[in-house]
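2 protein chains.
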Amino acid sequence: MKRGPHPFPLPKGERVAVSVFPPIFPLFFGACGRSVGGERKFCMYEVSAEVLAGVANQLRIHSIAATTAAGSGHPSSCCSAADLVAALFFGHMRYDPKNPKYHNNDRFILSKGHAAPVLYAAWAENGFLPANQLTTLREISSDIEGHPTPRLPFVDVATGSLGQGLSVGVGMALAARLDKLDFRTYVLLGDGECAEGSVWEAASLAGIRKLNNLVAIVDVNRLGQSEATAFGHNIEVYQKRFEAFGWRTEVIDGHDMEEILEVLGAAGIGAQPLAIVAKTFKGAGVSFMQDKDGWHGKALSKEEAERAIAELQPKARSGRDLSIPKPADAPAPNVEGSSFSALNYNKGDKVATREAYGNALARIGAVDGRVVALDGDTKNSTYSERFLKKFPERFFECYIAEQNMVGVATGLGTRGKVPFASTFAAFFTRAHDQIRMAGHSHANLKLVGSHVGVSIGEDGGSQMGLEDIAMMRAVAGSVVLYPSDAVAADKLVEAMAVERGVCFLRTSRPKTPVIYDNTEAFPIGGAKVLRQSENDKVTVIGAGVTLFEALKAADALAKEGINITVIDAYSVKPLGRDVIRTAAQKTRNTVITVEDHYPEGGLGDAVAGELSADGIKVHKLAVYELPRSGKAEELLAKYRIDAAAIIEKVKLLS
Amino acid sequence: MKRGPHPFPLPKGERVAVSVFPPIFPLFFGACGRSVGGERKFCMYEVSAEVLAGVANQLRIHSIAATTAAGSGHPSSCCSAADLVAALFFGHMRYDPKNPKYHNNDRFILSKGHAAPVLYAAWAENGFLPANQLTTLREISSDIEGHPTPRLPFVDVATGSLGQGLSVGVGMALAARLDKLDFRTYVLLGDGECAEGSVWEAASLAGIRKLNNLVAIVDVNRLGQSEATAFGHNIEVYQKRFEAFGWRTEVIDGHDMEEILEVLGAAGIGAQPLAIVAKTFKGAGVSFMQDKDGWHGKALSKEEAERAIAELQPKARSGRDLSIPKPADAPAPNVEGSSFSALNYNKGDKVATREAYGNALARIGAVDGRVVALDGDTKNSTYSERFLKKFPERFFECYIAEQNMVGVATGLGTRGKVPFASTFAAFFTRAHDQIRMAGHSHANLKLVGSHVGVSIGEDGGSQMGLEDIAMMRAVAGSVVLYPSDAVAADKLVEAMAVERGVCFLRTSRPKTPVIYDNTEAFPIGGAKVLRQSENDKVTVIGAGVTLFEALKAADALAKEGINITVIDAYSVKPLGRDVIRTAAQKTRNTVITVEDHYPEGGLGDAVAGELSADGIKVHKLAVYELPRSGKAEELLAKYRIDAAAIIEKVKLLS
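Going down the list, the sequences are from chains A and B.
Per the working numbering, numbering through the first sequence is continuous, rising by one, with the last residue being 651.
Per the working numbering, numbering through the second sequence is continuous, rising by one, with the last residue being 651.
Hints in this document: simulated from the structure, not taken from any laboratory.
This list has only true hints and no planted wrong ones.
If chains are identical, the list can't say which one is meant, so a pair holds when it fits in one copy or spans any two.
Okay, derived cross-link-like pairs now, DSSO-like style, lysine-lysine, Cα gap no bigger than 30 Å in a straight line:
1. K508 / K646
2. K549 / K508
3. K534 / K583
4. K646 / K583
5. K299 / K508
6. K289 / K387
7. K295 / K635
8. K628 / K289
9. K635 / K525
10. K387 / K207
11. K628 / K556
12. K299 / K628
13. K237 / K207
14. K289 / K386
Since we're looking at a predicted model, the values are computed, not measured.
In isolation and in its complexed conformation, chain A is listed as follows (with noise of 0.2 Å):
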């Protein structure tokens, strides 16, 4: 194997010993070594790597196992890093194996989730679960999944949709550095998915922040799902790829136990995180599997099983009874704040919902010391900025990069930090996916998207965000609000934070008036009803700058003798059905939402598909077509919805 320079040779066969140490490398080890139990050490594995190769074949097997025991799964990309895992688990990180959930465990990362028969079976031999538990995989009633979820303790983030678990290790990289612990995280990478531009975003952040706490092994097993990886076993590649972005690297052959733990040993070293590019085989071990096309995601014949376990069994041994090394003691982060000042706006003065954002991050943040913000490069205008400000070790810029900022916001959720993750809504799309993966995580994720709307005017419409309630409502568990005013958005922005979840908050750029008092309260799931009368003909729902719409309509059409409901729809997800449902239910269930957003999946549909059973009819008014650059007012009447809009469609229904 091509190796690249090491910055500590250690000599083969001299790895049990525990070096401490020299004297020669001060600085550089002040910077970058870990302190255990007041020792610093360098290499901390007391097994040999013959024992551990033996795991890495029991692992195999278990893989083998329950992958034919469910009739599919991945065992041959679990064979390719099955010595990576077991160096890992066995022989190099500290972590409580009863304890999975320790907040200074070492934390490991299996971006490539296919592989999750692997990482049952390590969690099996350190004794976490029993073994028999292992064949259930894939089954209903077990939490042994197809790809690993956090319905298993020990798995932080769910995997499966690849290239997502370097941002979440990053994310937990910074965590460990704001508090001041000494894990350190792993994130184990198949070379697919190394085309993902996302590992990349990650890579960048990584090098420029200088996490040598955060290490990436890349399993180069060569074969895709449907053919072979651009780059095969050109492992350069790789290496060339994350050297570009800041990182030090080792290449080594993934399959020989002592270069896995000789790089290992080296792991921390440095300024720079670490990537180790690993030439694997996929399904290695098995005479006729390694380096075979045609069997990813391919569980093996039973009788195939029993021939690669007779090949695997002679040099397999257990883990169960192995020492894993132990975490340092340490106390645990993240205390709770509570008792958030008060706020302090006044009625009928203009403040933007971004800008009263910006002012609640600030305001819960000096209480609770949980909460960080992340901005892709537009802080000036979500304005998290004012919380950057107050609080600058608490924020991080995450440059145009909206999939790692997603993914780094998961990584610091699940260190226990509240993230507020802030961009354009419309830029949001680029992170669905993360979105998406973090509803599966069971993440507590915090998105606000400013600039929504037509409303943002002159920009045009690919800075629009028209489409974000639709995506954020189709997240699982997750909370969808869309304040109008000031006081609205920031009481909104301290519910987020003490509410757990995926929760996504939708800022307008105008300014709006205040038409709140400060003691306000937002509870998610409520509806503000601002107008009512006895003889309303219709109820109409806004939120946002339509919200003010509606209510110019209302006072327009009062004067002509009409009344209407107009109700504040705050929580678009869970929805004020109640509130909605009961005022509908006085005006003939004649409704009219009015979104600045596009007709599908927005304020309409949901109120529709909440209540059109209950035989509420709902009349949506809609950006109905693509827009484009023009004045905010301008635009509003154009896409009709505006109060001029909504008096002819209340006039109409009347």
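Following the hints, put chain B in place on chain A, whose structure we already have.
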């Protein structure tokens, strides 16, 4: 400036001379040189660098005047790029300014779309746009929008969401290869947007495909929106990255016209794409703006504009009288096919709709030479491999990089191809922003997402498309199709090829019985009534696998004397609303929708959102929980979208 090695260093000052290729490099040039008028030329410009620098100043003046007139915009970002744009449009690219759509014109993509005014200025100085239109920038009545859109004939794709242009450029370069046209594609990127992973996905594929007809120019002006970029003027970072991704690079002073022309003159040489990394200054040419913070996205005041123009004016000169190199004449490619062959399924046979997609693609590809296919290393699951086997030259494996795949497909579409891109539906969320922008681009883009819903079974939640209908409905002008059997799938692929625009086909993993005749027609916007009788209690609407559950339920209920209407809603957008409304009105306006999708934004919301205003009551059955691994039929039951759930709901409503 530090410079990368130049394969053919031209002596400075001699660049007006046109060099016929030296005989010493025949093979090299044979592969990459371009034939123009029968003569191979290396360096085309017949205009001095001084003149072009003057044109660049004129572009700056236009950009400043237009943004000041608009009161918003990004003049500083125009100024950094002005020399590069002037060199390309007036000294290098071959195109017909009177016919921007000519198929052998060199293509230019302004990936940094916020510099739109400098693009408009170039098309004014080349005589295409009347100069007085430039100051209508951002007005509602003007197509000179805040960011470029194809409302202007010289814009192939809308830009403004950063990091997408290079993928589109890859698509155009691939189309040139396919059609044996010698046009080149030039993509101008900002340095900030190089943080987007999609740039590196595109770079990687361009490197793999050795697209030496593609040139990326990075305008490294050091300053982002909210702060300096991570790498500032450390331009070697960009150079290293492009080199690691397989590109030839040139590092230049982006304000030195001679240097710009020199490296452009060497474009196309060698077997790699060329990245020109240009060190520039934001606001270049205007003393009080150049390289200063605080000028992103900010128009100059009238007084500032006057001062700036006074500085620029003395050395400005019009491009109107310059002669622009003409593209070579070439026959128009892309002849449309017709009279597709007949289908050949047998009723009752079980064929997955994903497999029918593969059949259809091969079938229509045989007749329509415009059809091309792309996949993200899932071609053996999506069945696009059936097209690959027949038409390997028209198949583009994009590896696991969905953003780039969609961008490449969009680029192919701009060159007259009918691109079908496929992967798991869940993974199209990765490309949501690219799909969104395809809507803004009026792109001719066909997406086929397989493995939808819980019916994929054991692989688990991360692999299940459960939000794709919501995502795709909310794309401007999109068509969303969801076939249940092979005939419908096959016919709908044909319909997609004929329909212009963004179309999405949702295919399923399980085999389902063929229920339609091979001659059945499936117009976009239609729906099929499959069961109906005089005294139906409820209308049940299904699509995909749930249609068969509805049919099962109908059969079971009929035995109990309860009749229901069953509709196949194969066209989700546009919805077959008349068919549905008419049927629903015969069942007391009572409708049950049943879908293998989350309840938000899917089929149920589509029906409710479009028909609740008519008094139709929609009861939704959908996947209301975060799903897990299991067998398909177990999961349909667990999440209450199977026949039993339908029967229960029908009885409740009868």
